[in-house]
Amino acid sequence: MRTCPVLAVASGLALFAALIGAAPVWAHHSFGATFDANKPVSITGVLTKVQWTNPHSHLYLDVKDKDGPVVAWVFEGYPSVVLYRTGWSRDGTIKIGDTLTVVGWRARDDSPFALGREVTLPSGKHLFFGPLSGTGEGAAVAPGN
Amino acid sequence: MSGMSPRVRGAAAGVVAVVVIASSVQVAAGVDQTSPGNAALPRPAAPPRTPDGKVDLSGVYQSSPKRGEWDPSAPGQGGGPENEPPSLLPAARQRAQELLNRRSIDDPTAYCLLAPGPRMTGVILFPIQFVQTPGQVVIIYEYFNAVRIIPTDGRPHPDDAEPTYQGDSVGRWDGDTLVVDVNNFKEGNWLAAGIVSSDKLHITERYTRIDKDQLNYEAVIEDPELLAKPWTIRRTLMLREGVRVREYVCAENNLDPARYQEYLKRPSLFMRSPDQAQPR
Chain A
1 MRTCPVLAVA
11 SGLALFAALI
21 GAAPVWAHHS
31 FGATFDANKP
41 VSITGVLTKV
51 QWTNPHSHLY
61 LDVKDKDGPV
71 VAWVFEGYPS
81 VVLYRTGWSR
91 DGTIKIGDTL
101 TVVGWRARDD
111 SPFALGREVT
121 LPSGKHLFFG
131 PLSGTGEGAA
141 VAPGN
Chain B
1 MSGMSPRVRG
11 AAAGVVAVVV
21 IASSVQVAAG
31 VDQTSPGNAA
41 LPRPAAPPRT
51 PDGKVDLSGV
61 YQSSPKRGEW
71 DPSAPGQGGG
81 PENEPPSLLP
91 AARQRAQELL
101 NRRSIDDPTA
111 YCLLAPGPRM
121 TGVILFPIQF
131 VQTPGQVVII
141 YEYFNAVRII
151 PTDGRPHPDD
161 AEPTYQGDSV
171 GRWDGDTLVV
181 DVNNFKEGNW
191 LAAGIVSSDK
201 LHITERYTRI
211 DKDQLNYEAV
221 IEDPELLAKP
231 WTIRRTLMLR
241 EGVRVREYVC
251 AENNLDPARY
261 QEYLKRPSLF
271 MRSPDQAQPR
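First to last, the sequence lines map onto chains A and B.
Residue 1 is where the first sequence starts when you use this note's numbering, and the numbers rise one by one after that.
Residue 1 is where the second sequence starts when you use this note's numbering, and the numbers rise one by one after that.
Same shape as in the complex, but just chain A:
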């Protein structure tokens, strides 16, 4: 299983998120309630299921360690309506059995669950799959404090 917690790409995303952290955030669900911005991951696995739904889509990947068991990972991302405009098509972009790499941030409870920010397709193409870390949870300190 490849779980590189300090991949350069993921760190770059986290840094970008930190830089925009002071700006108002206007999204749907709280990133920080579920995911930890200090746990960037990059996971490669085989696609077993796609949940193309609102308000979130999910990718299910079987991730195999050299010596260990296969771990079923779940990646949460944008709603399906947003994915259409982000370059995905429901039936044409990925298929079951594809090997994908997903970069994102792991759940706080350390379960094999993460927010997927970007997916690398078998062709090598990259597509955004979810928002940046920090989206939707608000600042740490209330305005005026």
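It should be emphasised that the hints constitute simulated quantities derived from the structure, not laboratory data.
Beta carbons: idealized from backbone N, C-alpha and C, even for Gly.
Possibly wrong hints are sitting among the right ones.
Unchecked claim - Computed spacing ranges between beta-carbons, pair by pair: (1) S198/B <-> D91/A: 45 to 51 Å; (2) E262/B <-> R90/A: 26 to 32 Å; (3) E252/B <-> G144/A: 35 to 41 Å; (4) G97/A <-> E222/B: 55 to 61 Å; (5) P42/B <-> V70/A: 51 to 57 Å; (6) L127/A <-> Q261/B: 30 to 36 Å; (7) P257/B <-> D62/A: 49 to 55 Å; (8) E262/B <-> V46/A: 27 to 33 Å; (9) V138/B <-> G144/A: 33 to 39 Å; (10) T50/B <-> T99/A: 49 to 55 Å.
Could you slot chain B onto chain A? The hints should help.
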């Protein structure tokens, strides 16, 4: 204008001409301020007008400072210029801090409930469609598939309106700007993370399509139980030709409420400590 006398028609045409010139000046002043990347684009056309000479707001837009096609790299934050933070009353500030410490799991939108216009307008991931007809402007937000029907025929707020998430809207034209007065909100709306309004919330929105591409949005928010002074939010909406508003049923697969109930059994897992100054 067929029912007008020649004199009135001439005066109306003059007004339209002045307005067009004024708009062109705004275009020249406004283009390059939105984004350096827009400077290379050709000067946008004047905004379209309806047969009665009003600027036509109709179109599909994205909250974004960038002209052109849909911007897919959206990080999830609102588009447009920086906005100043609200001046919260002490009790509201304390409440906001408590809600932020809970990482906003109490946000009604996490339960697929709607939010007032200023927040809906800033959501960058979902298009917003304006449909303008004589006497009425309809705003269709893909986000939650919310709809606002705004009469512009001079009628007042109805006296039997129930408080709602998006409030009751009545509009009027101030030159080329649509001014919308919004009241009768439910209490407990989230204007932003942790910023919760009362049933005294009153919002004055101004929609100005300064050219074919760009629709400027300004909302002045008043709430005597939340704010020490009015809070102004500005957004930039950009026309996205060819983009269509789709169905978005948030209740289809909303897993968060059940998750949050589980998290609350282990609050140390996700909550910020009250004295924590930085996010972790």
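Exercise for review: May I ask you to test the hint 51 to 57 Å on the CB atoms belonging to P42/B and V70/A?
Suggested key: holds, 54 Å
**Study point:** Range hint 26 to 32 Å (beta carbons of E262/B and R90/A) holds or violated
**Key:** holds, 30 Å
Point to revise | C-beta pair S198/B, D91/A: status relative to the range 45 to 51 Å that was hinted | key: Cβ of S198/B to Cβ of D91/A: about 47 Å, so the range 45 to 51 Å holds.
Check your understanding: Is the hinted range of 49 to 55 Å satisfied by the C-beta distance from P257/B to D62/A?
Key -> violated, 28 Å
Exercise for review: Could you tell me whether the CB distance from G97/A to E222/B stays inside 55 to 61 Å?
Suggested key: For G97/A and E222/B the Cβ distance comes to about 57 Å; the hint holds.
Practice item. Given the hint of 49 to 55 Å, check if T50/B and T99/A actually sit that far apart at their C-beta atoms. Key: Between T50/B and T99/A, where Cβ atoms are some 54 Å apart, the hint holds.
Check your understanding: Between V138/B and G144/A, does the beta-carbon spacing fit 33 to 39 Å?
Key -> holds, 36 Å
Review point. Do E252/B and G144/A keep their Cβ atoms within the hinted range of 35 to 41 Å?
Key: Taking Cβ atoms as reference, E252/B and G144/A lie about 38 Å apart, which means the hint holds.
Practice item. Hint says 27 to 33 Å; check whether the CB-CB distance for E262/B and V46/A agrees. Key: holds, 28 Å
**Study point:** Distance restraint evaluation - L127/A, Q261/B, Cβ atoms, bounds 30 to 36 Å
**Key:** holds, 33 Å
Violated hints amount to a single one, hint 7; each of the other numbered hints is respected by the structure.
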